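Below are the chains, spelled out letter by letter.
2 protein chains.
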Amino acid sequence: MLLVMLIPFLLLQAAVHASAVTPKSPAEIVAAAPASDWIEIAPDDLLVMQLAPVRDAKARRVVIQLMPAPFSQSWIANIRTLAKAHWWDGTSVNRVQDNYVVQWGDATEKKPLPAGLGKTDQNEYERRLNDDQMRQWSDWTAALTAKRRERARDDAPYPDSYAMFTGFLAGFPSALEPRVNLRGAFVGWPVHCYGMVGVGRNLSPDAGNGAELYTVIGHAPRHLDRNIALVGRVVEGIEHLSSLPRGTGSLGFYERPEQRVPIVSIRLASELSEAERPQLQYLSTESASFAAYADARANRRDAFFIVPAGGADICNVPVPVRRKP
Amino acid sequence: MLLVMLIPFLLLQAAVHASAVTPKSPAEIVAAAPASDWIEIAPDDLLVMQLAPVRDAKARRVVIQLMPAPFSQSWIANIRTLAKAHWWDGTSVNRVQDNYVVQWGDATEKKPLPAGLGKTDQNEYERRLNDDQMRQWSDWTAALTAKRRERARDDAPYPDSYAMFTGFLAGFPSALEPRVNLRGAFVGWPVHCYGMVGVGRNLSPDAGNGAELYTVIGHAPRHLDRNIALVGRVVEGIEHLSSLPRGTGSLGFYERPEQRVPIVSIRLASELSEAERPQLQYLSTESASFAAYADARANRRDAFFIVPAGGADICNVPVPVRRKP
Chain A
1 MLLVMLIPFL
11 LLQAAVHASA
21 VTPKSPAEIV
31 AAAPASDWIE
41 IAPDDLLVMQ
51 LAPVRDAKAR
61 RVVIQLMPAP
71 FSQSWIANIR
81 TLAKAHWWDG
91 TSVNRVQDNY
101 VVQWGDATEK
111 KPLPAGLGKT
121 DQNEYERRLN
131 DDQMRQWSDW
141 TAALTAKRRE
151 RARDDAPYPD
161 SYAMFTGFLA
171 GFPSALEPRV
181 NLRGAFVGWP
191 VHCYGMVGVG
201 RNLSPDAGNG
211 AELYTVIGHA
221 PRHLDRNIAL
231 VGRVVEGIEH
241 LSSLPRGTGS
251 LGFYERPEQR
261 VPIVSIRLAS
271 ELSEAERPQL
281 QYLSTESASF
291 AAYADARANR
301 RDAFFIVPAG
311 GADICNVPVP
321 VRRKP
Chain B
1 MLLVMLIPFL
11 LLQAAVHASA
21 VTPKSPAEIV
31 AAAPASDWIE
41 IAPDDLLVMQ
51 LAPVRDAKAR
61 RVVIQLMPAP
71 FSQSWIANIR
81 TLAKAHWWDG
91 TSVNRVQDNY
101 VVQWGDATEK
111 KPLPAGLGKT
121 DQNEYERRLN
131 DDQMRQWSDW
141 TAALTAKRRE
151 RARDDAPYPD
161 SYAMFTGFLA
171 GFPSALEPRV
181 NLRGAFVGWP
191 VHCYGMVGVG
201 RNLSPDAGNG
211 AELYTVIGHA
221 PRHLDRNIAL
231 VGRVVEGIEH
241 LSSLPRGTGS
251 LGFYERPEQR
261 VPIVSIRLAS
271 ELSEAERPQL
281 QYLSTESASF
291 AAYADARANR
301 RDAFFIVPAG
311 GADICNVPVP
321 VRRKP
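Quick note, the sequences are listed as chains A and B, same order. Residue numbering for the first sequence follows the working numbering, starting at 1 and increasing by one per position. Residue numbering for the second sequence follows the working numbering, starting at 1 and increasing by one per position.
No lab work stands behind these hints: they were computed from the structure. Only a predicted model underlies this, so the values are computations on that prediction, with no experimental measurement involved. Please note that the accuracy of each hint is not assured.
Each pair may be met inside one copy or between any two copies, as identical chains are not told apart.
Subject to a maximum C-alpha distance of 25 angstroms in a straight line, what follows is the list of computed DMTMM-like cross-link-like pairs (lysine to aspartate or glutamate) [unchecked claim]: (1) K24 x D206; (2) K24 x D98; (3) K324 x D131; (4) K324 x D98; (5) K324 x E124; (6) K24 x E276.
Work the whole structure out from these sequences, hints included.
Encoded structure:
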């Protein structure tokens, strides 16, 4: 069968040349990562969304990992409060805009909010990073740039179109920039890659309370970075959102109420029984396995490829997530 | 040479800014573009794909614009031959991989090919550009970089993660790089943005004949650039492909034949009656309107935005296409 990407051929190659120095594909590097490089996602950091089943299909479950500190913690506290109040039960997916976002929440805009929601502030879209966070922040960009210099005689210090530096902080894609008015201290912010989850808002200074959420289902809309709060990412089941019929109204909103996709429930995994809880792990972005994986994503050397790119944008290095073996 | 290319663009930018009192959104700039900035797409450059209708929906029509010279013309000649032979009629969409591609062709791999298909060559994934083509190539990257310097004190000469320069040639997103072994002459290649259409192939040196095609339905897989032939882009109806159920087999292939989506027909628009022909135009990438649009995409100043990005990757500046008014 003609394939765009030829994993079966790769497996064949691996079998034939197992003892040789065949460069590994990103998937092979991830498969070979030791157990110690995988980090379990705590049940309190997982949101489990159940969509109403479609007539010919099984249950549609979407699992979202909430971001750890330092970013967006005020919105995430609200999201935990909303989930514990079962506030999203009976709401719906209301907007599906092709190559952009899927958005869900209360279409009536009249559902009373639970008590205990905190204030949010647009100044929190970015955060000054402390020394610990700076150490965590893996500067894979620098390594890519060294390779690019070799290949393209390029003096660019980094290869991102939107930020001075991009990398990973506590498992999430993020950007980094020094600030002159902070004596050169660095500020960071999470970035809008495929599957990232953000908070809908009205015009500034409103920053959204966390009740209206969206996820990216197309090319990374990085112009939204620092303009809207990101709170997590879909780690399982995004196909149940990305394959929904596109809305035909303005901005991809569904025009008729019956087109909306009912949300049965959204729960923190910590509220589910042990059996219902997703058991997920992500590859530590500070591990050697991740560095090798990112390098292989940026320099594909497996059999299908002729010209390795010599670089990769941050959203083309998705953090590997797996079910706990 | 690049400086020469840069100067007219900077003058253009100055003109754009002098006349702009209220910042316009990208959509407003496109809506205000004069008729002379729109280029009609010739019927011989349009492929019209009809998918079998779903039970509760209307016809599903996908329209693809084939790329003009200089890129990929040997594959495109084959595609015209295949369309004229009605070769795709009765074939199917066989693969839908989330955040990657939708692929179609003959799932049986046994359908005889029509006479007259030419040879293809992987050396044609990139092309040396002549002076005319270099003049056409709009170096919007340089202008963006000037803005980035201001904002981020960044000495990067360009903001792309994969190529030294990105821009547009004859309406298509492409990349550009000097080659030392060609005495510094520039080679260019088309790039894998959302909606771009490419040619499936087996392992190199096979370069595909054009019978097996795919389109990008996720974050731009730029690592495929120069590794596979790009032949065009979807200009209407991509939602009929991007919202298809994801395949659950390896690489997103459908596991059961009945899951495949039947293709009723693929025709060159020139073979259709006047009434059936899509009448489409794209915004000239050499026009002042396009330069203003690209600038607005990179520096969003409309009411929703707080922090303009000061840059954009090439795939976040999709070339506007409209129905002929």
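Going down the list of hints, with the structure as the test:
Proximity of K24 and D206 under a CA criterion of 25 angstroms is satisfied inter-copy only: 22 angstroms between copies versus 47 angstroms inside one chain copy. With identical chains, the CA atoms of K24 and D98 are at most 25 angstroms apart between copies only, with a shortest distance of 23 angstroms across copies and 34 angstroms within one. Taking the shortest Cα distances, K324 and D131 never come within 25 angstroms of each other, neither inside one copy (32 angstroms) nor across copies (57 angstroms). For the homomeric pair K324 and D98, the shortest alpha-carbon distance between copies (22 angstroms) is at most 25 angstroms, but the shortest distance inside one copy (32 angstroms) is not.
Taking the shortest Cα distances, K324 and E124 never come within 25 angstroms of each other, neither inside one copy (33 angstroms) nor across copies (45 angstroms). Taking the shortest Cα distances, K24 and E276 never come within 25 angstroms of each other, neither inside one copy (35 angstroms) nor across copies (49 angstroms).
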